[in-house]
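Peer 1: Here's the letter readout for the chains.
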Amino acid sequence: MSGLSNDLFVITVMAYAIAMVAFAADLAFRRAPSRLVRAAVPDAVAADRTADQKVLVGSAGLIAAPPAPPAPPQVEIIEEPGRDYGRAARIALGVTLFGWLTHLVTIVTRGFAARRVPWGNMYEFSTVVAFLAVTAFLVLLARQKARWLGVFVLLPVVLYLGLAGTVLYVKAGPLVPALNSYWLKIHVVAAMTATSMFFVSGILALLYLAKLRRPEGNLLSRLPDAAALDRLTYGLVAFAFPIWTFAVMAGAIWAEAAWGRYWGWDPKETWSFITWVIYAAYLHSRATAGWKGKRAAYFAVAAFAALIINYYVVNTFIVGLHSYAGVK
Amino acid sequence: MSVTRPETRPEEPTLLSTVPQDPSERPTPGGRRRPFAPLIRAWRQLTSMRTALLLLFLLALAAVPGSLLPQRSVDPTLVDQYIVDHPKLGPFLDRLSGFDVFAAPWFAAIYALLFVSLIGCLIPRMRLHARALLRRPPKAPAHPSRLASGTTFETSASVDEVLAVGRGVLRGRRFRVAADPGSLSAEKGYLRETGNLLFHVSLVVLLAGIAVGGLYGYTGKVVVTDGDGFTNTLVQYDNFNRGALVKTDRLNPFSFQLQNFEAEYQKDGTPKTYRAFVALRAKPGGPTSQHTIKVNDPLKIGEAKVYLINHGYSPHVVLRDRTGKAVYDAYMPCVAADTRNLTSSCVFKIPDTGLAPVGDLKKVQQIGVRAVLAPTFDPADTRGSIFPALLNPRLAGVQIYLGDLGIDAGTPQNVYELDTTRMTLLKVKGPTGASTPILDPRNKQADSVTGLPGGLVLTVDKVKNYAVFSIKYDPGKGLVLWAAIAMLTGLIGSLLIRRRRVWIRASAGPGQGRTVVEIGGLARTGSLTAEFEDLVRRVTARLPEQG
Ligand code: HEM
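As you go down the protein sequences, you meet chains A and B in turn.
According to my numbering, the first sequence is numbered sequentially starting from 1.
According to my numbering, the second sequence is numbered sequentially starting from 1.
Bound-form chain A, shown alone (with noise of 0.2 Å):
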């Protein structure tokens, strides 16, 4: 079972790096879609409504910008594909659907093979996180013909799982005490399901400061323009914001029940706090006058950032509780 785990993971891997491939040649033989965007409301039209709403608004003109963003069960399209599904994008969606598939029965394979749940330590944790990433991107893919993300998230989803299929790989085997709770389990699914959508936010954003940065790039102009960028990255982080804060909560009703305190200042638990007040600064930054936008992303890519420090550079560089493999 084992065995037959590892093997489908490779399989996984091997199915995105040629999705990725295919997505990236989609992109790229593709007409520009934000030209079309464009043309599409005649300048008078939307001049006159932002006039409008000002008014209602109030004197403080809070909604000077456009109407915003949804959390993801509800989002717009704002993709107009150039021409609809060619022979590239035909072939990187049915390979990630694919891979998809590997990928579920990797980790289905994994949880048999050590009789758990397949989230135990670093490697099944990433490999679950790469694969939620991948969910979230097929969400996004189904909701608003999201195409472009396509290279973009498949791009870190490989060399991420490359990191954990051989830096952090580890054979199947139980868990240590310490590790074996009901909450910890609702715990790591929480963090495992926002981590990955802060992870597509993530790029999200970078790709938006470089749009904002080059907006006529070759590649970049076939994205949806900055402001479509910004909202669906406004709309994953205000998806993962409260599942990210369960997460936290989870895990300090965990550690009251292993430890007896519910929150220690432990390094692991430092950095969730400061991934968790740069998001929260990230959503004030939307609604403070002169923070929207720009400053706003780089917030958003420093909340990442901190996550990751969180769970690569936390668990293997520094000692905390956490670290321990049994009880301390």
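Keep in mind that a hint or two might mislead.
[To be verified] Below, in silico cross-link-like pairs of lysine-lysine (DSS-like), each with a Cα-Cα straight-line distance of 30 Å or less: (1) B:K477 <-> B:K427; (2) B:K427 <-> A:K185; (3) A:K185 <-> B:K272; (4) B:K464 <-> B:K294; (5) A:K185 <-> B:K294.
[Claimed, not checked] Derived list of chain A stretches under chain B, where covered just means 3 residues or more per stretch with a C-beta under 8 Å from a C-beta of chain B: (6) 243-256; (7) 259-267.
No wet-lab data here; the hints were simulated from the structure.
Virtual Cβ for every residue (Gly too), placed ideally from N, Cα, C.
We have chain A; now place chain B with the ligand onto it with these hints.
Peer 2: The following block gives chain B with the ligand in isolation, referenced to the frame of chain A:
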């Protein structure tokens, strides 16, 4: 372009949220003439979003050193080690509270400011929100169809019919509706703001709960060897931290005895279960009851909890004099140096050896012992234990020192470290004659060291388990939990609910018996598209022929 301005009294802007305005955009009442104007301006600055943002970022930044430097609250011995290793940097960082970041004045300053800023901004926001809840939605603009979501069509129904249908549909969708001649105003999603305020208020309550725990709570650690007991009094703790308002003479009066500690391991040595069986006496003189404490499963005694946090081995050390009488007899816990296979380092301090003081200075003759305990010893692998359970225990590398332990000097000492500056290493004889003997506690022939002055004999004849318990009392915990639940609820409301307004305007059209209908909608965040289209569909479905 003619637009009817909705009611915009300066104090009550028809905002879709209670976000405070940028202080630079708000007029200061009375301007220069008021003596408090600078104070008011400072207060506004402090309670502005921008300041909150800055303080949040500072808080995150300030927490970083707390994860990079060892912290006293987490592990004081690591801090001491760090200061020893960095003789220049260490004391400097210590002066800056680098090892107590989360109790540092500068850390407290940031969160106190944030706290004040939070409260200061919440009060006016709650007032604004309460008013918004009571007020009717603002009047319709002249041309609702020009809003971000907007549409217009004609129908043969009369103006009144259109408005009646519109009202029915909006009410049916749980909008709050207000009517004006020829138009309707509707609003929904007040819960967004309510949720947001709930989130921030709960955050304040959560911080208050943490403060209660900090002031009235205590935590302590005890090491208990199998068969020994513990009574919840200050003197029995190996390590004790308390809040400023804790009365140490009135701790929860329970006691317990550790009857048996049990550890099970996988074949490869990874731990499977740890269990401590204890007999608890909740009140002095009360009945005892049996309990099992596991790693994630503490024993609860009222508001106090007893956690199992660690374990290890205590060898039984006996020092006999020439006549065979025991002058010292105790179980001495050893500290695991290797957390996997529990190779442990042991220090035994025997202050009272029965040896007379020597020399003119009447130097005391105390004994200190250093040794390494391997719970499972393998002669082929002398690096240490090969398994964490007590399968084949040996006490190796036994070094015995004679002299002054330094205990009487009054300076506090770490019981797990031996200060040999005023002691000399003795040449001793182990069971096989070696000078750094290996003792086997399970073999009567090989469990003693001889060759000590005065014919003393040191014997290690048993090894028992010990468990480390952490005892915690935190009366603020319940409040923190409830506040956290409220926070999460508020947050979900705040981020997933959208506040939106819809207006319908109907007027007689150019054609005979025709009515022009305009519908428009606005959301502060999120797109209204899907919902708006649904509303329009519902309205048109109930009206006769449109075009
Ligand atoms: C001085 C303190 C604070 C002020 C003035 C403040 C103000 C606000 C305001 C006005 C909003 C609404 C923003 C919107 O509707 O888009 C908001 C949202 C929020 N605040 Fe605060 N806040 C403060 C402190 C905090 C703190 C300490 C945290 C937690 C770390 C926090 C977390 C949040 C979150 C998560 C949101 C939701 C963002 C959203 O609705 O888009 N706030 N805050």
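Peer 1: For every hint, state whether the structure bears it out.
Peer 2: Hint check:
Taking the CA atoms of B:K477 and B:K427, the gap is near 56 Å; set against the 30 Å cutoff, the hint is violated. Restraint check for B:K427 and A:K185: not satisfied, since their Cα atoms lie roughly 56 Å apart, outside the 30 Å limit. A distance of roughly 17 Å separates the Cα atoms of A:K185 and B:K272; the hinted pair therefore holds under the 30 Å criterion. For the suggested pair B:K464 and B:K294, the alpha carbons sit about 18 Å apart, so the restraint of at most 30 Å is met.
For the hint linking A:K185 to B:K294, the alpha-carbon distance of about 18 Å falls within 30 Å, and the restraint holds. Counting residues of the stretch 243-256 of chain A whose C-beta sits closer than 8 Å to any C-beta of chain B gives 7, which meets the bar of three, so the coverage hint holds. For the stretch 259-267 of chain A, the proposed coverage by chain B is satisfied: 9 residues have a C-beta within less than 8 Å of a C-beta in that chain, meeting the threshold of three.
In terms of the numbered hints stated before, the structure departs from hints 1, 2, listed from lowest to highest.
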